[in-house]
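The listed protein sequences correspond, in order, to chains A and B. Heads up: the first sequence begins at 1 in the working numbering, then just goes up one per residue. Heads up: the second sequence begins at 1 in the working numbering, then just goes up one per residue.
Hints listed in this document are in silico derivations from the structure and should not be mistaken for laboratory results. Incorrect hints may appear among the rest.
Keeping only pairs whose Cα atoms sit at most 25 Å apart, straight-line, the calculated SDA-like set for lysine to any residue is [unchecked claim]:
| hint | chain 1 | residue 1 | chain 2 | residue 2 |
| --- | --- | --- | --- | --- |
| 1 | A | LYS39 | B | VAL551 |
| 2 | B | LYS569 | A | GLY86 |
| 3 | B | LYS132 | B | ASP293 |
| 4 | B | LYS331 | B | GLU518 |
| 5 | A | LYS39 | B | MET188 |
| 6 | A | LYS94 | B | ASP293 |
| 7 | A | LYS39 | B | GLN554 |
| 8 | A | LYS85 | B | GLY348 |
| 9 | B | LYS682 | B | GLY500 |
| 10 | A | LYS109 | B | GLY360 |
| 11 | A | LYS94 | B | GLU291 |
| 12 | A | LYS109 | B | ARG818 |
| 13 | A | LYS39 | B | THR527 |
| 14 | A | LYS94 | B | ASP265 |
| 15 | B | LYS132 | B | THR239 |
| 16 | A | LYS94 | B | LYS368 |
| 17 | A | LYS39 | B | MET816 |
| 18 | B | LYS569 | A | GLY82 |
| 19 | A | LYS50 | B | ASP621 |
| 20 | B | LYS420 | B | ARG393 |
| 21 | A | LYS39 | B | LYS132 |
| 22 | A | LYS39 | B | SER532 |
| 23 | A | LYS94 | B | GLY165 |
| 24 | B | LYS181 | B | LEU134 |
| 25 | B | LYS598 | A | GLY82 |
| 26 | B | LYS569 | A | LYS39 |
| 27 | A | LYS50 | B | ILE721 |
| 28 | A | LYS50 | B | GLY616 |
| 29 | A | LYS39 | B | ASP220 |
Just so you know, these numbers come straight off a predicted model, no measurement behind them.
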Amino acid sequence: MIGEWLDIGWADEIPVRGSRTVRVEGGDDIAVFRTGEGKVFALLDRCPHKHGRLSQGIVHGGAVACPLHNWRISLSTGEALGEDKGCTPVVPVKVSGGRVLICRASTLKAAA
Amino acid sequence: MKHEPIPRPAGDTRDHLIVIGNGMAGCRAVEELLARDPARYRVTIFGAEPLVNYNRIMLSPVLAGEKTFDEIVINGRDWYDGNGITLVSGDPIIAIDRDARTVTARSGIVMGYDRLLIATGSDPFIIPVPGKDLPGVISFRDMKDVEHMLAAANRGGSAVVIGGGLLGLEAAHGLSLRGMKVTVLHIMPTLMERQLDEAAGWLLKTALEARGQTILTGADTAAIVGEHHVEAVHLKDGTVIPADLVVMAVGIRPSVALAREAGLDVGRGIRVDDHMVTSDPAVLAVGECVEHDGQVYGLVAPLWDMCRALADGLTDAPSGYRPAATSTKLKVAGLDVFSAGDFSGGDGAEDIVLRDASRGIYKRLVVKDDRIVGAVLYGDTADGGWYFDLLRRGDSVAAIRDALIFGQAFASGGGVADPKAAVAALSDTAEICGCNGVTKGQIVSCIAKGAHSLDTVRATCKASASCGSCTGLVETLLALTLGDEVEAGPKTMCKCTSFGHDDVRREIVAQGMRSIPEVMQRLHWSTPDGCSSCRPALNYYLLCALPGEYVDDQQSRFVNERLHANIQKDGTYSVVPRMWGGLTSPKELRAIADVVEKFDAPMVKVTGGQRLDIFGIRKEDLPAVWADLNAAGMVSGHAYGKSLRTVKTCVGSEWCRFGTQDSTGLGVRIERATWGSWMPHKFKIAVSGCPRNCAEATIKDFGIVCVDSGYELHVGGNGGIKVRVTDLLCKVATEAEAMEMCAAFIQLYREEARYLERTAPWIERVGLAYVQSRLLPDVQARADLAARFVYSQSFSQDDPWAARVAGAEREHHAPMARFQPVGEMA
Ligand code: SRM
Ligand SMILES: Cc1cc2nc3c(=O)[nH]c(=O)nc-3n(C[C@H](O)[C@H](O)[C@H](O)COP(=O)(O)OP(=O)(O)OC[C@H]3O[C@@H](n4cnc5c(N)ncnc54)[C@H](O)[C@@H]3O)c2cc1C
Ligand code: SF4
Ligand code: FES
Numbered sequence: 001m002i003g004e005w006l007d008i009g010w011a012d013e014i015p016v017r018g019s020r021t022v023r024v025e026g027g028d029d030i031a032v033f034r035t036g037e038g039k040v041f042a043l044l045d046r047c048p049h050k051h052g053r054l055s056q057g058i059v060h061g062g063a064v065a066c067p068l069h070n071w072r073i074s075l076s077t078g079e080a081l082g083e084d085k086g087c088t089p090v091v092p093v094k095v096s097g098g099r100v101l102i103c104r105a106s107t108l109k110a111a112a
Numbered sequence: 001m002k003h004e005p006i007p008r009p010a011g012d013t014r015d016h017l018i019v020i021g022n023g024m025a026g027c028r029a030v031e032e033l034l035a036r037d038p039a040r041y042r043v044t045i046f047g048a049e050p051l052v053n054y055n056r057i058m059l060s061p062v063l064a065g066e067k068t069f070d071e072i073v074i075n076g077r078d079w080y081d082g083n084g085i086t087l088v089s090g091d092p093i094i095a096i097d098r099d100a101r102t103v104t105a106r107s108g109i110v111m112g113y114d115r116l117l118i119a120t121g122s123d124p125f126i127i128p129v130p131g132k133d134l135p136g137v138i139s140f141r142d143m144k145d146v147e148h149m150l151a152a153a154n155r156g157g158s159a160v161v162i163g164g165g166l167l168g169l170e171a172a173h174g175l176s177l178r179g180m181k182v183t184v185l186h187i188m189p190t191l192m193e194r195q196l197d198e199a200a201g202w203l204l205k206t207a208l209e210a211r212g213q214t215i216l217t218g219a220d221t222a223a224i225v226g227e228h229h230v231e232a233v234h235l236k237d238g239t240v241i242p243a244d245l246v247v248m249a250v251g252i253r254p255s256v257a258l259a260r261e262a263g264l265d266v267g268r269g270i271r272v273d274d275h276m277v278t279s280d281p282a283v284l285a286v287g288e289c290v291e292h293d294g295q296v297y298g299l300v301a302p303l304w305d306m307c308r309a310l311a312d313g314l315t316d317a318p319s320g321y322r323p324a325a326t327s328t329k330l331k332v333a334g335l336d337v338f339s340a341g342d343f344s345g346g347d348g349a350e351d352i353v354l355r356d357a358s359r360g361i362y363k364r365l366v367v368k369d370d371r372i373v374g375a376v377l378y379g380d381t382a383d384g385g386w387y388f389d390l391l392r393r394g395d396s397v398a399a400i401r402d403a404l405i406f407g408q409a410f411a412s413g414g415g416v417a418d419p420k421a422a423v424a425a426l427s428d429t430a431e432i433c434g435c436n437g438v439t440k441g442q443i444v445s446c447i448a449k450g451a452h453s454l455d456t457v458r459a460t461c462k463a464s465a466s467c468g469s470c471t472g473l474v475e476t477l478l479a480l481t482l483g484d485e486v487e488a489g490p491k492t493m494c495k496c497t498s499f500g501h502d503d504v505r506r507e508i509v510a511q512g513m514r515s516i517p518e519v520m521q522r523l524h525w526s527t528p529d530g531c532s533s534c535r536p537a538l539n540y541y542l543l544c545a546l547p548g549e550y551v552d553d554q555q556s557r558f559v560n561e562r563l564h565a566n567i568q569k570d571g572t573y574s575v576v577p578r579m580w581g582g583l584t585s586p587k588e589l590r591a592i593a594d595v596v597e598k599f600d601a602p603m604v605k606v607t608g609g610q611r612l613d614i615f616g617i618r619k620e621d622l623p624a625v626w627a628d629l630n631a632a633g634m635v636s637g638h639a640y641g642k643s644l645r646t647v648k649t650c651v652g653s654e655w656c657r658f659g660t661q662d663s664t665g666l667g668v669r670i671e672r673a674t675w676g677s678w679m680p681h682k683f684k685i686a687v688s689g690c691p692r693n694c695a696e697a698t699i700k701d702f703g704i705v706c707v708d709s710g711y712e713l714h715v716g717g718n719g720g721i722k723v724r725v726t727d728l729l730c731k732v733a734t735e736a737e738a739m740e741m742c743a744a745f746i747q748l749y750r751e752e753a754r755y756l757e758r759t760a761p762w763i764e765r766v767g768l769a770y771v772q773s774r775l776l777p778d779v780q781a782r783a784d785l786a787a788r789f790v791y792s793q794s795f796s797q798d799d800p801w802a803a804r805v806a807g808a809e810r811e812h813h814a815p816m817a818r819f820q821p822v823g824e825m826a
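Put together the whole structure using the sequences plus the hints.
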């Protein structure tokens, strides 16, 4: 049986206030973020506006600013903040013993 | 249900409870039990340490010399004797036989139990580096470790503490008070990152450094070395730190070996239910060794709750353990640090931040749905208990929200809950601006005399013009005095601050600030880590102020500058190598052609800046593309940067029948001198060989038009959104003068323009006359500007591509993991 969580690596491989990606063959990448406070979040690496790579944005507080047109996306809900409307799918993530685990089903959905 | 291989004492019919672990949780559990039913169990406690039950958290004050061991004993001999408890100390249990219901101690004692309580605590985590077992390398967990440290301190010398968390810092503090030269190595960028946010972590680091400790963050230990005893610690970056003592305080792991051996269900800790019962109903566990609902613990408060639930269960009145929020305080005299709950923000969470630089205070409350969910306090922790109480009770703070951050006295002070009323109530002699000694009366009279905006108040009576911590008070005074007539001030940098760009730049230089967190603290930022507008600006201002010293913050850069390429709408990148002055060669063209083919680039295009742009490169392939271009001698063209872009040239006197000077050669020389420099915005240069101006020099940030008698220097042009023709700055006779003027102009722009302000709007704002006054009359001032530019260039002319090719910041280019979904989806 394959577990419901995918182990993707150590949390400290993700730069603080930065992100890394997880490549899912045949689908969108997943962007995994670490905030200034060390919390880890994961979203589909696709801005709800025009599909900018959120992983390449600037992380501040609990949000990321999209690199293409600077929409602010909440890391915990994937919702666009402020005036903008739209939502990016969230990938459940947890950190266990320093390892980052992302939800298998959501990851595979990214490829579907 | 009796099961007793070893005979019980004659006449004693009580159940026998054996406790493994004479520490904080084990003994507290027994205390709770005695309080409920002192007659119910016969109790035996085994302890590995040869001591009575003491308060482990007070080991830090013992190390620091503030307490003696006797003062931290919780339960002395008389407690065990008086309650009929058998203590077997200095004799660890080495095996549990659950079938026979016995435990075996190292000394050989075998003893039967009816109920067994495991309270073995945690083991310090030892990082697996070479030399970890050398004499002189210890952890910080028990009295024996403290004795080791005291002995080492008596001999003097240097200590290295690995780990900048609570434990490590308390060890470092004690050792430093005892006269050792202490270096703290912390792998993360900020201290105590699990309890403190970046701002508080920075304040803490600054305070510890002021006390003489050396704090190295981002420090990764490679090895501990020494012949017979530790002598030094080596870091992965090559640093060597001499050490007579190494204290490892990098974390703890639940002590579960015994339980695992006995076949109990063990995850990260010994798994227990709400009543602290393990997978074997006769065996209980409590303290740091347990895992409850997936959680393990490292602070005492939750352990006390566990002990209550355990005692309730053992006396047939089960209540059940419920995890609650925890709070932390650092036990270092004179440094007040407090944190509680969850301060990571997230959705719907709002930050209330108060920074008072002059008193070294930082307070941050995280409020969600009108309830406090997290708090970080530095410098003034007096209200920590009150906030923690509000947090745990989940009380609504809606009614006191505006005054909440000022603390309990202010927020619950009835009449003064309205901050406006509180300011109105102040006497005229009350000092509002501490930095400049300005009273309320002076500010009000200055407003009455016509200062109707924050800015004019700052300009006339200096109130809030320095550190700005009284900005809110001055604004309230404006509102009280003028009602609706208050004029909006000039635009602030962003929503995170009440200061404008110019104020921030001036203060960075005036106060000698050195890092982004420092600026945010000293200038009272209202957010914990800024936003995507202010972070890149601050990064630039610091870089400009501290050439060669400031360490660039990659996470405060827009993607293009972080990846040294231009992001495209499909997420791929374009790559533009520099072609000095628009010149190229067969070798360069061949290398570009090879890259296009090798990486299947879908397009290659001549840019409007006289060079070639390769499109559609994947982030992962960038380093390989750069390696190939580097091999042909090409470097980054910075087509992505707030920096020098291109120097366009025309053919000039070398070939053109009208050419008056060597415009191509001058363009190349200027590009060689100015490339790599970071600026407020992008910067373009062109050199035309005659007034026909084929290089379009009069719509560039700096343009040179060659004439027979010399060089006309033009500034402030823009060919973009709003076309602006340059102003003529001056005319010079020689190439050397033209190059000096170019360097001086760039430096003036670098030092004075606002971030994201190109030269055209900058000159429109400050006026051509001002720019001329800074560059023309005073020869020395111009030479100084040019010299500052040359100095800063000495640090910025390394090809960023080459560094990446050599492996720097590899994580930007590679995914963390890859997944190939397989058929099982269907
Ligand atoms: C590649 C290029 C177009 C081309 O194929 O020729 C180009 C491409 C872009 N330009 Fe440009 N500009 C290019 C020459 C120009 C020129 C012509 C010139 O430099 O002589 C101008 C007008 C001159 C000027 O800047 O004054 C120009 C004025 C702009 C502007 C408007 C700037 C302004 O101050 O008004 C922007 C927007 C901005 O910077 O905010 C812009 C922004 C951009 C961006 C960076 C859009 C963006 O933010 O992503 C484009 C990036 C495409 C990419 O990924 O490579 N580009 N852009 C040219 C690269 C030149 C080079 O070799 O580095
Ligand atoms: C220096 C220091 C400072 C601290 N400061 C704070 C603070 O400020 N605030 C806070 O909340 N917490 C603090 N803590 C953490 C706190 O001390 C622990 O959370 C607490 O002691 C855990 O209690 P415990 O009973 O689970 O483990 P312990 O107190 O460690 O007790 C476990 C005992 O079991 C013994 N043992 C282990 N295996 C066996 C065996 N096989 N047989 C017999 N005995 C065994 C051990 O020797 C130990 O005596 C600090 C800890 C340290 C070391
Ligand atoms: S003109 Fe517009 S579309 Fe063309 S490259 Fe410049 S920014 Fe992009
Ligand atoms: S694609 Fe993200 S803001 Fe436009």
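For this session: Could you tell me which of the hints above the structure violates, numbers in ascending order?
Result: 3, 10, 20, 21, 25, 26
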